[in-house]
Structures are given as structure tokens and as C-alpha cells.
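S.K.: Given these sequences and hints, build the entire structure.
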Amino acid sequence: MINRLTQMFAHFILLLGVLLMVIPIWLAFTSSTHDNVTLITEGMQWYPGPLFIENYDEVLNEKGGFSEEITATGMLINSFIMGLGIATLKVIISMMAAYSLVYFRFRLATPIFWFIFITLLVPLEVRIFPSYKIVSDIGLTNSYTGLVLPLVASATAVFFFRQFYKSVPDELLESAKLDGANSWRFFIDFLVPLSKTMIAAMFIFMFVFGYSQYLWPLLMTTDEKYWTVVMGMKLIYVELYEGVSLPRVGQRFAYIILSIIPPVLIVVLLQRWFIKGLIQTEK
Amino acid sequence: MKKVQFKSKYTQYIFLAPTLIIISIFLYLPIVQTFRDAFTTQDAFGFGRFFAGWDNFKFVLSDPSYLVALKFTFIYIFVITVISCSLGLLLAVQANKVIHGKSAYKTLLIWPYAIAPAVVGVTAQYFFSERFGILYALFNSLWGFDWTANIFDAYIYLFIAGSWKQISANFIFFLAGLQTIQKSVIEASLIDCRSSLRRFWTITFPLLMPTTFFLVIINITYGFFDTFGIIDTTTIGAPSGETKTLVYKAYIDGFRGLDLGAAGAQSIIMMLLVLIITIIQFRYIEGRIHYN
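Chains as they are written, first to last, in the working numbering: chain A, 70 to 352; chain B, 116 to 407.
Honestly, the hints are just simulated from the structure, not real lab data. For glycine and all other residues, C-beta sits at the position ideal for the given N, C-alpha and C. Errors might be hidden in some of the hints.
Claimed, not checked - No more than 25 Å apart at the CA atoms, straight line, and that leaves these computed lysine-lysine pairs for BS3-like:
(1) K173/B to K186/B
(2) K345/A to K212/B
(3) K235/A to K212/B
Said to hold, decoys possible - One side only, chain A facing chain B, incomplete, derived with CB under 10 Å:
(4) L83
(5) V106
(6) I109
(7) L153
(8) M164
(9) Y168
(10) F173
(11) L177
(12) I185
(13) L189
(14) S200
(15) V237
(16) Y283
M.R.: What follows is the structure, given as C-alpha cells:
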């Protein structure tokens, strides 16, 4: 009896939580399928309207920006490249660095660990102007390299992989050595396959991080070809407040929904790996 | 450290090279530059650069609007952490308890984590706009809500926008933490302690302490840095600069005001604040290795 009550209570709380998470996005979605006059006179809409295909088609294919060069499709692709590039490179170079720090005996290991670790103190937001200056001095503004490379170095990922490698039993290396594996073989044939879940978890984490970048692309890209979907939010904001007698609210909501889809899909589809990876680092 | 390790003259540096090169160019170089900016002044035309000692710091710290931003940043971080941690924990505990529909709940609660702060901000902007906003209309009818004029209302607006997706992030980590607690411990506690609420506070919660601590740090860094995208797409400091975080203010001062000296000094003060947070974090991680 008591057990059933606690179960009902749990479901009740969880349903409230789900509503809290779902309702805002549901409203954004339903509003994205109405025409602007309805939205402006009656406010946001609770039920889907008739303009789903029209609004989304317009957003995906209409050229925007100052010189009318970029479409939302193009911005989505840029965001995807940015997220994918940052996640892939970060995972690879952090795994290598952590491997070196854990599996090699050399005097500089501790100083180098600190050299990497201390960078946790300076997230991009803190060093934004000098970073921008350096990237523009190298000539990387308005390029994918410039969008990705400065965000690739990550003390966090090195740290997580280091913790994970430390928890790998020593016997693994001993037996690999008996088999005659050198440091490269051990890394590629033994350690990488073993870290699959960790890699997946870090990858999702870093993809979301890269995709969500806002300030960096805003500073870095003056050429519309390289605009990302998240930095485009600023343009919506500006439009809402500075002029335009009839804001295109329906299309804006469609744009918001489209920008949400890629990272949400990745997190939902790979959630099992994600949680597993997190549990692994807990150990 | 490992008992068995490789020994090599240079291989370890090949593995380290990509990280070290990128860190040197894109992290250490800008940091050096930041220090140079912070301790020098440039004349208005950008011709000369003079050593300024602590002048930029004095200038920043004596600016009343900086202290306003400092206060707001701490309030903001505190409220976001409390709201999102407690709701995330509540949901995680319930999700760990239910027999039916566990994975459906998990999926439905996890996904907002993936939404970028700037996107949350722009969405919130619509909910709180005078023209369309459902929440604006609701709060306005309740107590005359108007975030463009009233500081308290602007706070509420930002608290909601800032905490929303973070609930989901905390939920994920708490759930992962709960799943690492061994079944045998839970079963033993079932025999010892009948009240489920007491069981939670005496057994489960202490075992979750490492996760909680980790999440507090995560939430602090989120409140500190990631909320930039939210502020820049919602209040942009409204009513009149009371809702600027330190990061946001440094950006505005540096870019709009073009005062790189002041921006550099602000960056260094932020580094110090993060340093303090990191020391706490590191001590905690070291501590954990002891009792594991």
C-alpha cells in the first residue's frame, strides 16, 4: 500500500518535471506553425497551426544576413562542422595527452600536468579579446579552422581521461608487454577499445559544447558563409527590438526549433553511452 | 601512479605535442597579452603604451557599476545552483525509484541539457516579451511584472531562463551518481530504516556527496561563464546595468568601450575568482582519492 503511494508520488513529480521541460519547447513548436498576424494579435499558440511546411521551408531556404548569402541550412551545417570538429579533435588530442601523462615515466610529467591543468582558470570568455587578436593576426578569422582550433585545447577532457586511465588495472599493461606491444600498439589496440564508453561520453559532452558556442563565432565571423545557427540568435534578438513593424515570429520560432534539433538528437540517441561514461568516471 | 610504465626518450612528447602546442598558442599567449593589457594604458589614439601599475585595477574596483555586477554575479550563481541542484536531485531520486516508465522519463528529462544557452535566452525572450509573452502576461496580472523597469522582475526573468536547462544537466549527473550506489547498501538500509525520507537523508544523500560537490562546481562555472549567451539575448543588463554578470561587463567594457586595460584587469580578477573555485575543486578530488 505504502509502496504504491510512493510510486504514485514519484510519477506525479516526474510528470511535473517533464511538463516543465516540454511545455516551453512545445509552445515554441506550435507557435512556429502559425501566421504572424495570429501570433502578434493573439500571442503564442498552444495547438499546431496550418503553416508548418511553409514556415520551415522559408526558414531553411530563404537567404538572410546583410548580403543575403546564408540560409538557415547553411548555418546548421556550419554549427555541425564546428561541433563535430571540436568534439573529434578534443577527444583525440586529450586522450593522447592523458595517455602520455599516465603511462610514461618522465620527469616533466607533473609540471606538464599542471601546465595543462591551470588552463581551467581561463575559459574563453575570460581571454576573449587577446584570443581574438591572436587568431586574427594568424589570419584565421572567417575560417573553420579559426572557429574550431582555439576551442580544442581542453584541460577538462585530459583530466577525465587521466582519471579513467588511472583506474585501468596495471595487469593490462603487463600482459600487453609480455605480448611484445610497444607504446603505440598498446594505446591503439588495448587502451582505445577499452575507453569506448568514455570516448562516447566525452564526444557528446564536447559536441554540445562546440555546437553551443555563441560569443566566439559572433566575434570571429564577419563573413556570412561561416555564421553558425546559435550566433544567429543575436540577429533574432535585434530584429525583435530594433524596428521591423511586423516581426516574423512564426519563422523565428521555426528557426529556434531547427537549431535545437541536432544536439538534442545526439544526446537522446546516445544517452545510454553518455550515462554509462559518466558512471565510469565516478569510479 | 602506475607501477608499470613505458620509458622512452621522446615518445611521450609526441603524444603531448598537439595539446601543448594548441594550449601555448591559444591559451598562454592570450593570457600573457591579458596581463600586459591589465598593467598598461594606451593613449586614445593607440600610439603609445605606458606602464600603469595597479591603476587599471583601482579604476575597475572603484567603479560602482563593477560592484553591482559582482553582486549580481554572486546572487545569480547562488540562485541557479540552488534551484537547479535541488530540482535535479528531486527528479533523479524519483526517476531512480519508479518501476514503470523509467527510460521514458529519463529521455524526456535529459534532452534540454543539449540546448545552447543563447537559444534558451532567445526562447525565454519570447515568453517574457511584452507583446507575446505568456509568462509576462501571467506575472504582470499577478503583481504588475515589468522587467524593463523593475530590478526584482529582471532577476526573476533571468533566474528562470538560467536555471531551466541546468535542471536537466543536474538530473543526469545525479542519476548517474545514484546508479553507482550499490544495491546491497540500499537493501541493508531498507532493513535498518523504515522511513524513506530518513533513509534518503542518512544513507543516500551522504553517498551522493561527491556528485553534489562536483555539480556545485559545474553550476558555478555555468553561472559564471555560460550565462553570457543568456544575458546577451534577454535583458542585456536591463533595467540599467543591474543584471550584468562580470563576464558580460568585461565584454561590454572591452568591446563597446574599447578600454582594453580595464577589460584586462577584469579578466585577471575573474581568473583569481576561478582560481579559488579550482583550488576547492582540486582539494576535493584529492580528498576523494583518499577515501575511495
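S.K.: For each hint, tell me whether it holds in the structure or not.
M.R.: Now for the hints, and whether the structure bears them out:
1. K173/B to K186/B: Answer holds: K173/B to K186/B is near 18 Å, not above 25 Å.
2. K345/A to K212/B: holds (19 Å)
3. K235/A to K212/B: Violated. K235/A to K212/B sits at ~32 Å, over the 25 Å cutoff.
4. L83: holds (5 Å)
5. V106: violated (12 Å)
6. I109: holds (7 Å)
7. L153: violated (14 Å)
8. M164: Status holds, d = 9 Å.
9. Y168: Given a least distance of 6 Å, the restraint on Y168/A holds.
10. F173: For F173/A, the interface hint holds, since the closest Cβ of chain B sits about 4 Å away, which is under 10 Å.
11. L177: Cβ of L177/A sits 8 Å from chain B, so the hint holds.
12. I185: With Cβ-Cβ at 6 Å, under 10 Å, it holds.
13. L189: holds (6 Å)
14. S200: holds (4 Å)
15. V237: It holds, given that the least Cβ distance between V237/A and chain B is near 9 Å, below 10 Å.
16. Y283: holds (4 Å)
Checked against the numbered hints listed earlier, the structure breaks hints 3, 5 and 7; every other hint is satisfied.
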